[in-house]
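A.B. asks: Work out the full structure: start from the sequences and follow the hints.
Number 164 in my numbering belongs to position 157 of the sequence shown; there are no gaps in the numbering.
There's no promise every hint is true.
Pair by pair, the computed Cβ-Cβ distance ranges are [as the list claims (entries may be wrong)]:
# : residue 1 : residue 2 : range
1 : 248       : 119       : 37 to 45 Å
2 : 228       : 177       : 15 to 23 Å
3 : 232       : 283       : 25 to 33 Å
4 : 121       : 35        : 16 to 24 Å
Hints in this document: simulated from the structure, not taken from any laboratory.
We put the CB at the ideal spot given by N, CA and C, even for glycine.
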Amino acid sequence: MLSIIANAHSGKGVAEKNIKKIAKFCLAQNIPYAFYFTEKRGHATELARQLTATGGEIAVLGGDGTFHEVLNGIVDLENTTLGFIPSGRGNDFVRAAKCSLDPIQAVKDILRGEKKRIDFIEVGDKRCLNVAGTGLDVDVLQRVAGKTNKITYLVSLVYCLRHFDPYRVTVTVNGEAHEYDCIMVGICNGIAIGGNMRLSPVSKIDDGKLDVIVITMPENGKIMPVLPKFVKGKHMDMSITKHFVCDEVTVQTGKSVQLDGEIYEGLPLACKVVKGGLWTYKVSGEK
8 MLSIIANAHS GKGVAEKNIK KIAKFCLAQN IPYAFYFTEK RGHATELARQ
58 LTATGGEIAV LGGDGTFHEV LNGIVDLENT TLGFIPSGRG NDFVRAAKCS
108 LDPIQAVKDI LRGEKKRIDF IEVGDKRCLN VAGTGLDVDV LQRVAGKTNK
158 ITYLVSLVYC LRHFDPYRVT VTVNGEAHEY DCIMVGICNG IAIGGNMRLS
208 PVSKIDDGKL DVIVITMPEN GKIMPVLPKF VKGKHMDMSI TKHFVCDEVT
258 VQTGKSVQLD GEIYEGLPLA CKVVKGGLWT YKVSGEK
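C.D. replies: This is the structure we're talking about:
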């Protein structure tokens with residue numbers, strides 16, 4: 008049985024189209040399937056709890072936020088395998104996971120059943136699949152949230168950069184504390200945020216490590232000239248970028264944080280990697 012937790016509202020119509028394609032494919036191929044549709048925020052977590060109480064194989068159809076909810080609902084991690092069917096607007100996690108954006112190919116990869124382990128980030132009692140962070144990315148997400156017009160992450164980013172005051176943070180990594188006036192801090196398992204803005208192009212989801220990326224304020228105080236390189240992932244060798252590789256990191260800031268693009272208030276940004284903590288499926292052509 009192909010069991011899919013689906014957010015039909017994800018991706019501004021993308022998910023709805025993908026659901027129809029998958030249903031048609033499964034019927035034509037005589038593949039038993041069931042969709043479990045989310046009805047509200049947090050519902051994907053509830054559905055995941057119900058479906059994974061004793062392990063099993065499930066898939067999630069939606070964007071990074073839906074993936075995040077499902078990951079946080081898995082009860083028996085060791086005996087659960089999670090497949091991804093990208094159907095969001097940004098689809099940032101799958102850029103690192105290399106899942107197909109073609110829903111039928113994604114389903115075929117899941118049905119083939121070749122499994123692998125990947126990492127995730129543990130943040131207190133929460134799990135994060137792609138990137139956790141604080142700073143400018145939270146400001147941008149808060150500006151985008153709830154908008155019914157076509158405001159994008161990039162448009163919001165430009166606005167926030169023009170009105171940005173730096174964050175004072177203390178980053179404790181590998182036993183050493185570092186203080187920065189920064190634009191943002193990202194604790195990365197994946198490589199991108201905001202629809203392929205490559206915050207940590209060096210990250211790998213199965214290397215058992217976290218990549219901590221701190222973007223500090225330029226000495227001249229001008230942020231906008233940095234944007235083109237940041238968007239393309241060309242900022243890693245710039246003086247404003249601090250990069251740490253570690254197993255655990257704590258960021259002290261007093262600000263809101265985001266996990267996989269979901270905003271949390273009052274959650275300490277104390278992160279550690281869970282090495283090989285999640286079973287998923289190999290993609291076509293992967294050894």
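A.B. asks: Using the beta carbons of residue 248 and residue 119, state whether their distance is inside 37 to 45 Å or not.
C.D. replies: holds (39 Å)
A.B. asks: Is it true that the C-beta distance of residue 121 to residue 35 lies inside 16 to 24 Å, as the hint says?
C.D. replies: At roughly 23 Å between Cβ atoms, residue 35 and residue 121 fall inside 16 to 24 Å, so the hint holds.
A.B. asks: Confirm or reject the claim that residue 232 and residue 283 have a C-beta distance inside 25 to 33 Å.
C.D. replies: violated (40 Å)
A.B. asks: Take the C-beta atom of residue 228 and the C-beta atom of residue 177, compute their distance, and say whether it sits inside 15 to 23 Å.
C.D. replies: holds (21 Å)
Hint 3 from the list above is the single one not met by this structure.
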